[in-house]
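Visitor: Sequence order for the protein chains is G and H.
If you read the first sequence in numbering that gives the first Met the number 0, its first letter stands for residue 0, the second for the next number, and so on.
If you read the second sequence in numbering that gives the first Met the number 0, its first letter stands for residue 0, the second for the next number, and so on.
Be aware that a few hints might be false.
To be verified - A short, non-exhaustive set of chain G residues, derived as facing chain H with CB atoms under 8 angstroms:
| no. | residue |
| --- | --- |
| 1 | Gly6 |
| 2 | Phe11 |
| 3 | Tyr15 |
| 4 | Ala27 |
| 5 | Tyr40 |
| 6 | Trp44 |
| 7 | Ile45 |
| 8 | Arg120 |
| 9 | Leu152 |
| 10 | Thr165 |
| 11 | Lys167 |
| 12 | Leu181 |
None of these hints come from the bench; they were simulated from the model.
Using N, Cα and C, we set each Cβ at its ideal position, and we do this for glycine too.
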Amino acid sequence: MLAYRAGDAQAFTTLYGRYRGPLHRYLARQCGNPTLAEELYHEVWIKVINARAHYEPLARFSTWIFRIARHRLIDHYRQHAHQLPLQFAPPAGDPAADGPDDLLANLPAPSHETPHAVHERQHVAERISLALAALPSAQREVFLLAEEGGLTLDEIAAATDCGRETTKSRLRYALSKLRHSLQDLL
Amino acid sequence: MTEPRQDFPSDPPLSRLYRQFATDEPSPAIDERILAAAEAALGAGERSPGANHGRWWRRWRTPLALATTLVLTLTLSLLQQPPPGDGFVPVVPGPPVTPAPAAAPAAKFADPEARPAAAVAPSAPARTAGALSDRQAEARQQARQPSIGVDARDRDAKSESVAERVSSAVAAKPAPSAAEPAATRSERSDVAPAVAGTVTGNSTEAQLAAAPGRAPATALAKSRAQAVRTASVWLDEIRALRREGNLQEAERQLREFRREYPDYPLPEDLRP
Numbered sequence: 000m001l002a003y004r005a006g007d008a009q010a011f012t013t014l015y016g017r018y019r020g021p022l023h024r025y026l027a028r029q030c031g032n033p034t035l036a037e038e039l040y041h042e043v044w045i046k047v048i049n050a051r052a053h054y055e056p057l058a059r060f061s062t063w064i065f066r067i068a069r070h071r072l073i074d075h076y077r078q079h080a081h082q083l084p085l086q087f088a089p090p091a092g093d094p095a096a097d098g099p100d101d102l103l104a105n106l107p108a109p110s111h112e113t114p115h116a117v118h119e120r121q122h123v124a125e126r127i128s129l130a131l132a133a134l135p136s137a138q139r140e141v142f143l144l145a146e147e148g149g150l151t152l153d154e155i156a157a158a159t160d161c162g163r164e165t166t167k168s169r170l171r172y173a174l175s176k177l178r179h180s181l182q183d184l185l
Numbered sequence: 000m001t002e003p004r005q006d007f008p009s010d011p012p013l014s015r016l017y018r019q020f021a022t023d024e025p026s027p028a029i030d031e032r033i034l035a036a037a038e039a040a041l042g043a044g045e046r047s048p049g050a051n052h053g054r055w056w057r058r059w060r061t062p063l064a065l066a067t068t069l070v071l072t073l074t075l076s077l078l079q080q081p082p083p084g085d086g087f088v089p090v091v092p093g094p095p096v097t098p099a100p101a102a103a104p105a106a107k108f109a110d111p112e113a114r115p116a117a118a119v120a121p122s123a124p125a126r127t128a129g130a131l132s133d134r135q136a137e138a139r140q141q142a143r144q145p146s147i148g149v150d151a152r153d154r155d156a157k158s159e160s161v162a163e164r165v166s167s168a169v170a171a172k173p174a175p176s177a178a179e180p181a182a183t184r185s186e187r188s189d190v191a192p193a194v195a196g197t198v199t200g201n202s203t204e205a206q207l208a209a210a211p212g213r214a215p216a217t218a219l220a221k222s223r224a225q226a227v228r229t230a231s232v233w234l235d236e237i238r239a240l241r242r243e244g245n246l247q248e249a250e251r252q253l254r255e256f257r258r259e260y261p262d263y264p265l266p267e268d269l270r271p
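Same shape as in the complex, but just chain G (with noise of 0.2 angstroms):
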């Protein structure tokens, strides 16, 4: 990012080729809406772009620019209230039990909505994603900031403002979720 601020475009296309994959993911997870997450993804590298000439190396930049992406999807939550899903807010008793445990439990067994005519590895995936969907925007964020930002307990508290100690919470009941959830593929 110091070298694309001092001028080198090359740079930032490494830069880029690096993140792309992961910012992608996580925000497609996050919004659950692929042309939404496009949308959103676009924003996140234009506000990179246009942070270049203020940007200062305080954190890695996988902190940086994740935190972007979080600040940009809680626009875009607060700008369409009315279509926040229930889960995003947390139950007041237990911090770290963001949504309701029976979530997986209402939702159909990904066995079952995948046709026997698709691929095995477009099922997995297909799982895979259900399963991430299915648990509580806090737990899949920690989760998602974990995989695939590869940051650590404390940067992903600093991202998501949190405690370090309810973001390794989270972590775990998003583990253990995701686990019981994807047991036969383990």
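Given chain G's structure and the hints, the job is docking chain H onto it.
Guide: Below, chain H alone, put in the same frame as chain G:
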């Protein structure tokens, strides 16, 4: 950022499964749009490494042009210099040389190889002057070549003075009369070194003589002068032998001469 991942909740099989199947990526169209926006944001002046190359070129083009011009000029000036002892025979100003009566036919039937030198110097002493002229040209040439520690202007002045001294040495040397044709070939060939010796006394000439590559050039010039001189001088010697009455030796020399120069047109006085 360097936090230890000991308390980091992880599930390696689940992570592996996720990374294996989570491969969806943005469309190439949006990639293109973002990369174009990134390049456009850099502005015209700092667009790409090509632009950096352009800045580099703008910064260095003047010194590079000057250096290239200098190198080309030096190369051309070196290429313009004729090789040592080649062709260039300047006319040496000096006292009028009365050609020896016996030498006139020799000049008339000059060696085709020696024609340029013979045209300038028809007689033996004049040919010696021609050889000296070769040395003079060589001295000028040496003076033109770049020499360490000698300023170009000084070098030109010194070379001119060397040339003048060579000319005056030629002028000061009395022209050999026609009574001297009996001088041996070796004596005649000693004339040039003798004159050169007067010039060698000069410090500039000594410096030039000490320059590397000078000895082969001088040897080449001498050999060329010797080759130009040989046929006519030989004939003079034969004439001298005849005048002395040594007819047998003169005939032997003439036969040898014919064997050595079968195509050389003999002067009338030496024809059988």
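Visitor: Let me make sure I understand: some of the numbered hints might not hold for this structure. Which ones are they, in numerical order?
Guide: 10
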